[in-house]
Amino acid sequence: MNMDKPLRRVAIFAMLLFFGLMAQVNYMQGSQAEALRTDSKNSRQYADVFNAPRGQIIAGGQVLVSSKETGKDNPKYGRTYKDGMIYSPVTGYFNGGASKVEMAYNSLLGGKDKRITQQRWFDTFIGKKAEGANVELALDPRAQQVAYAQLKKTSRRSGAAVIDVKTGAIVVLASFPSFDPNEVAPQTGLKGGKRLEQLDKQAGVIKPLIDNAMSQTFPPGSTFKTVTAAIAMEQNGLSSSSTVNTGTLILPGSNKALPNSHDTGNCGSRAPLRGAFAESCNTTFAEMAMKMGIEKLNQGSSKFGFNRPVQIEPNLRAAESDVPVEVRNPETGKMEPTGQDGTARSGIGQENVRATPLQMAMVAAAVANNGKIMKPYLVEKVRAKDQSELYNAEPKQFSQAMKGDTADQLADMMRAVVTEGTARNLAQFGIAGKTGTAEQGLGNPNARWFSGFAPVQNPRYAFAVVTEGTGSGGENAGPIAGAIMRAVVSK
Amino acid sequence: MSSIGDQIRAQLPYQRRNAASLALLIFAMVLTLSAFAEVGLARDGSIPAGLFGYGGGLAVLAFAAYFVQAKFAPYADPLLLPLAVALNGVGLAMIYRLDLDTSADKRAALLEGTAVKDAADAPSQLMWTFVGIGLFVAAVLIMRDTDKTDAPLSFTPKTAQRYTYLIGLSAIILLLLPIVPGIGRQINGARVWISIGGFSVQPGEFAKLLLVVFFAGYLVNKRQAMSLIGKKIGPFSLPRARDLGPIMVIWIFCLGVLFVQKDLGTALLYFGLFVSMLYIATQRVSWVLIGVGLLAVGIFIATLLPFMGHVNQRIDIWQNPKPYFDGGCLLESGKVVPVNPDTDIYKQEAAAGSGFPGFSACAKLGGEYSDSAQLMKGLFALGQGGVLGTGLGQGQPWQTPLSFSDFIFDSLGEELGLTGLMALLLIYALIVQRGMKTAIAARDPFLKLFAGGVSFVLALQVFVIVGGVTKLIPLTGLTTPFLSQGGSSLMANWILIAILARMSHDARKPAPQAIQDEGMTQIVSMR
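Which chain is which? The protein sequence lines are W and F, in order.
Just so you know, our numbering puts 47 at position 47 of the first sequence, and the rest follows in order with no gaps.
Adding 491 to a residue's 1-based position in the second sequence gives its number in our numbering.
A couple of the hints might just be wrong.
[As the list claims (entries may be wrong)] No more than 20 Å apart at the CA atoms, straight line, and that leaves these computed lysine to any residue pairs for SDA-like:
1) F/813 x W/27
2) W/41 x F/831
3) W/112 x W/314
4) W/76 x F/533
The hints are simulated quantities; they were obtained by calculation from the structure and are not laboratory data.
Please model the entire structure based on the sequences and the hints provided.
What follows is the structure, encoded as structure tokens:
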């Protein structure tokens, strides 16, 4: 009896076993690969971000953020932030999670974006990892440095934003206090994670992870009069030379007087609007607000960008600036409409009106740019490692906040603030704008503002600066804005 | 009527294919050296020092083996040695690569609970490769052709037939050694190791070969009776009780392995081996059906016994691994609840100071603890690799547990991709097919059974471990022949290749010239 036949059958069976294995490997690595890679239990997808160099973040030809090999297995690459304190409001941090531009351009920086892989399909085919692309910011590094140094001197919360009125490019976005992203970069490991937690939980109003230029709102105070004036001029047919009440105003709800900072000069009893604006008479703008009503003030301010978060980049929005028509009463928990008194105070940027410096810079930009606001953006260009362009910012109109004529008159009124109004101390800086000093409630320091544009004639940049402390916007925020704008304009 | 074996023998050219073998061997070496070069280039941008130490060392060994084979077994199958060298080389390169990634703290973590040096370790793997190929050389030198039994130190594969029962006994002793207190060691949950003087050996690897010898010897004697005598009921012919005895003994023995060592894979391997050899010997399908039926009954009984709940769990994890990730607990109701670090009960147990919080948490719930992290992380590695792999040295194999032993196939899958794994499976398939061809070409029934058995055991072992780590079948721990880190496995598999090479030489060499006309029995050419 011969064993060849069963041997052949067993050989065939052995081959079937191998076919089974081959089929399974094909199933796993072919059709299941994507599902396995993105499985929620798969920590590889999270660790993976540390195993390839991320793209650089560049501004004005300077490399602000770059990746370097750590020489370790995990993370294989660290992240270095040049002058992290200065640029963190824009670059954000990266430690697996991310914020700001690091987050908004995560897929391009990390090399996972389809725009890269499609361009590099051959690399993908041969299994070469797609390299992260470099992101170029619109930021002006010199002005940013000046801004941070100036803000740091205030030793309390402060922020500054400067935008190019023609394009919407953000050239300065500085904040104090800030944090150093190097402290939480991947190479810091667990220590970095703990530091991030600590930064996140920092006590009081000072939260370094939240920048004071576009992510934090403050009461805008008198700088908001620009908005109130613009709406009133468009709706009630006022012009800068129309005569308006500047004297005392008794608020109807409480029968209390709304004070002016001074009752001399233009703020005596009646004056042209231009004068009332230059000397920042509260009563004039409070009355305007009451006349139009809170709804109109709300709708008008929306054209400037209030009442919704402003989208800066994909996945990156500024905090929402608000002119609320109703607010939740903290005691009853019910929504209550803003009354007459509240409307009057809203008109001068108090009550529940809040704005980010970026928002006030957008208001100034509307004035400086014939009523037109361009969509603000941070990233100018994205280039792959081979220098091919993957993204180029296209200036887009954000809104037409007011008529060109209104804007021209407001621009003139802003110039008057510096030549003959509350900010005469700023004449040397070659800027125009509006001062603002907002009370932030009992026991809190004032929010001191200056927002405007430069150069005075043919304005190119709009800005807003907020600082906290005693005193007024003109005296404190103004010179800081002046110093920043000198750096911006002299470029 | 001429059998297939006669046809194959008749068609064999009786050529020495040493040139072909050498060319293939050079190709296998180029493959290995390229693997080393790629590891170095990917990681440091330069050719690694290991290329010369490891690749060069392997090359010297492989060529020595080649020359011994060419001189003493010139008609040996030309594919066996180069294929084995290719596998061993790829495995060595992978372990070298894993070594580079095994940082100090990772190494410490691996050592935790494993007691012996268990982390990837290329120098020791090279040493075992040296020993393994040395054994190949020795085996080819010592073993003689079947027709030269008169030579001094005479030992042919057939010699083993004389000591069938002695060999069977030694196989069982080897298998039982790990449960002897003192020398037995439990590593990664399986008690299949013995440790003598600092060296750890898996006696099961050698027992496997001895069992093949025993089965072959036993079945050659009994096969006539077992295949011919028996009652016929319908299409099935039932065996006599006395013929059924041995298979029952083996069955009980395998179940013993399953219960004591809790090792379903090994039990499956031995039982599959026995059933396949029984079939080869008797050519009767009824034996296969009886065998498969017995195995199914055995596993069914195992799943019913309360203390064998982990077999159930293994099967459960295989079908649905996700709930067990990071620790799951199978309750008696059949429900799976997590007992991982995120759960309250885990935290309670951890706070109470339990060394194994997940385990004790599960015990408190009255269930069976298990963790599918190994399996799933292995699958994640496969997913990472995709079709073309990340490239050697560019993946993250340190994320895979036991990436150098049980899960080395997944590690290779990550870096070589589907393409690489298909190539590796093809190499295995070719070795198995070459072995089967040797079996068919062999003239002696004992040698036929023996060659068929060792070839099939190789195929089955690859199937069980690779099928396990790719989720084709429930995961059980076995070594991946020639790839896994480990000396016992390498030595046993090189001996296996040596035996096949020697037998293929025996089967393929020209028949003795007929001195006189033998009439009808004369060997004639079929062409």
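Against the structure, the hints come out as follows:
1. Among the hinted pairs, residue 813 of chain F with residue 27 of chain W is consistent with the structure: their alpha-carbon atoms are about 18 Å apart, no more than 20 Å.
2. Proximity of residue 41 of chain W to residue 831 of chain F is assessed by CA-CA distance (about 12 Å); at most 20 Å being required, the pair is judged to hold.
3. Under the criterion of a C-alpha separation no larger than 20 Å, the hint pairing residue 112 of chain W with residue 314 of chain W is consistent with the structure, at around 16 Å.
4. Between the alpha carbons of residue 76 of chain W and residue 533 of chain F the distance comes to roughly 13 Å, so the proposed pair stays at or under 20 Å and holds.
Of the hints listed earlier, there is not a single one the structure fails to meet.
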